[in-house]
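Novice: Here are the chains, one letter per residue:
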Amino acid sequence: MTETVFYIFAAAAVISAAMCVLQRSPVGALIWLVQAMLALGAIFVILDAQFIGVIQILVYAGAIMVLFLFIIMLLNMGRTTSDIRGPAGITATIVLAGLIALELGGLWAYSTPRIGREVRASAGFIEAGKAFAGGQAVQDATAAHGVVGGIAAPLFNEYLVPFEVTSILLLAAIVGAVVLAKRKV
Amino acid sequence: MLLGPALGLSAMLFTIGVAGVLLRRNAIVLFMCVELMLNAVNLAFVALAQVYGVGAYLIAFFVMTVAAAEAAVGLAIILAVFRHNQSIDLQNINLLHG
Chain A
1 MTETVFYIFA
11 AAAVISAAMC
21 VLQRSPVGAL
31 IWLVQAMLAL
41 GAIFVILDAQ
51 FIGVIQILVY
61 AGAIMVLFLF
71 IIMLLNMGRT
81 TSDIRGPAGI
91 TATIVLAGLI
101 ALELGGLWAY
111 STPRIGREVR
121 ASAGFIEAGK
131 AFAGGQAVQD
141 ATAAHGVVGG
151 IAAPLFNEYL
161 VPFEVTSILL
171 LAAIVGAVVL
181 AKRKV
Chain B
186 MLLGPALGLS
196 AMLFTIGVAG
206 VLLRRNAIVL
216 FMCVELMLNA
226 VNLAFVALAQ
236 VYGVGAYLIA
246 FFVMTVAAAE
256 AAVGLAIILA
266 VFRHNQSIDL
276 QNINLLHG
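Respectively, the protein sequence lines represent chains A and B. Mapping the first sequence onto this note's numbering, position 121 (from 1) lands on 121, and the numbers just tick up by one. Add 185 to the 1-based position in the second sequence for this note's numbering, that's all there is to it.
Hints were generated in silico from the structure; no laboratory data involved. The beta-carbon is built from N, C-alpha and C at its ideal position, and this holds for glycine as well. One should not assume that every hint holds.
[As the list claims (entries may be wrong)] The following label-pair restraints were derived from C-beta to C-beta distances:
(1) L69(A) <-> V248(B): 54 to 64 Å
(2) A265(B) <-> G28(A): 17 to 27 Å
(3) R268(B) <-> H145(A): 43 to 53 Å
(4) Q271(B) <-> L107(A): 16 to 26 Å
(5) Q136(A) <-> A265(B): 23 to 33 Å
(6) N270(B) <-> H145(A): 46 to 56 Å
[Unchecked claim] From the structure, some residues in chain A lie toward chain B, with a derived Cβ separation under 8 Å:
(7) L38
(8) A42
(9) V45
(10) L67
(11) I72
(12) M73
(13) I90
(14) T91
(15) A92
(16) A101
(17) G134
(18) V147
(19) I151
[To be verified] Okay, the calculated bits of chain A under chain B, using three or more residues with CB under 8 Å as the criterion:
(20) 7-14
(21) 17-26
(22) 107-113
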């Protein structure tokens, strides 16, 4: 059951991503991208990352995509001619994307059987996150502190310094965006 | 066990994102494809949290924060470029062409 739902959302994500790349109008591409991100959010929930799934929908499909939509409307490029590159660009795309697909596929084909060997001990469908010690630790933390608490506790303990650095990064980004967007710098 | 399929989906989405970056000339659509690639990597992190524990969730969380900052600055740059030459088609952006 879980697997079926996963594959439905996976197909939705891949189709939406492909449509986003091939859609001529920027607004259409953006709507397809939002659809892909919603499907990814659902996949995060299936993979037992409920908090990341919610953040994905709030921050990505919500805030960042609305920012993109604002800029598209601001630049008034709702109706444009096709911006897909010519034959040379398409050839380069096929070659380079094929190369990357080959590399990632090789990596996947190598790592998946290895993972399979490691969990072979317990036959049949294994619930996500039950097969490895790390996943088991996540499940235990979620059971003890709840979905948000299980992530918040390490965020404010082991990962406190990266968290504070992130706030400096956001401040720098805000100042940078204001300076860049101001008329005539 | 959905770890293998999730990693495969992540690889597919990343490849589609790369294809989009190479195929399109519109700077905003290109930027959207970069976001797609970031999302694909996030999916790989979330899937691998089943193996490596809660640290992977936090990395995904930080990736999202950096993506938000990147979107703000990148869109401001696109806005400035548009003001400069009334187009965001990458063919018309050749300031560094010499």
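Novice: How does the coverage statement for the region 107-113 of chain A fare against chain B, requiring three or more residues with Cβ below 8 Å from a Cβ of that chain?
Specialist: Check passed, 4 qualifying residues.
Novice: Next item in the hint list is I72(A). Is there a CB on chain B closer than 8 Å to its CB?
Specialist: 6 Å, holds
Novice: Given I90(A) as an interface hint, is its Cβ closer than 8 Å to any Cβ of chain B?
Specialist: 7 Å, holds
Novice: Between A265(B) and G28(A), does the beta-carbon spacing fit 17 to 27 Å?
Specialist: For A265(B) and G28(A) the Cβ distance comes to about 25 Å; the hint holds.
Novice: Okay, Q136(A) versus A265(B) on CB: inside 23 to 33 Å?
Specialist: Check failed, 50 Å falls outside 23 to 33 Å.
Novice: Identify whether the interface hint at V45(A) stands, where standing means a beta carbon of chain B within less than 8 Å of its own.
Specialist: Where the cut-off is 8 Å and the nearest Cβ of chain B is about 10 Å from V45(A), the hint is violated.
Novice: How about V147(A): closest beta carbon in chain B under 8 Å, or not?
Specialist: At 10 Å from the nearest chain B Cβ, V147(A) fails the 8 Å test, so the hint is violated.
Novice: Next item in the hint list is M73(A). Is there a CB on chain B closer than 8 Å to its CB?
Specialist: The hint is violated - M73(A) has no Cβ within 8 Å of chain B, the shortest such distance being about 11 Å.
Novice: Taking a Cβ-Cβ distance under 8 Å as contact, does the region 17-26 of chain A have three or more residues in contact with chain B?
Specialist: holds (count 5)
Novice: Verify the coverage statement for the region 7-14 of chain A against chain B, using a C-beta to C-beta distance below 8 Å and requiring 3 or more qualifying residues.
Specialist: holds (count 4)
Novice: Let's test the interface hint: is any C-beta of chain B closer than 8 Å to that of A42(A)?
Specialist: Result: violated, 11 Å to nearest chain B Cβ.
Novice: For Q271(B) and L107(A), compare the CB-CB distance with the range 16 to 26 Å and indicate the outcome.
Specialist: 43 Å, violated
Figure legend: structure checked against the earlier numbered hints; hints not met, in rising order: 1, 4, 5, 7, 8, 9, 12, 14, 18.
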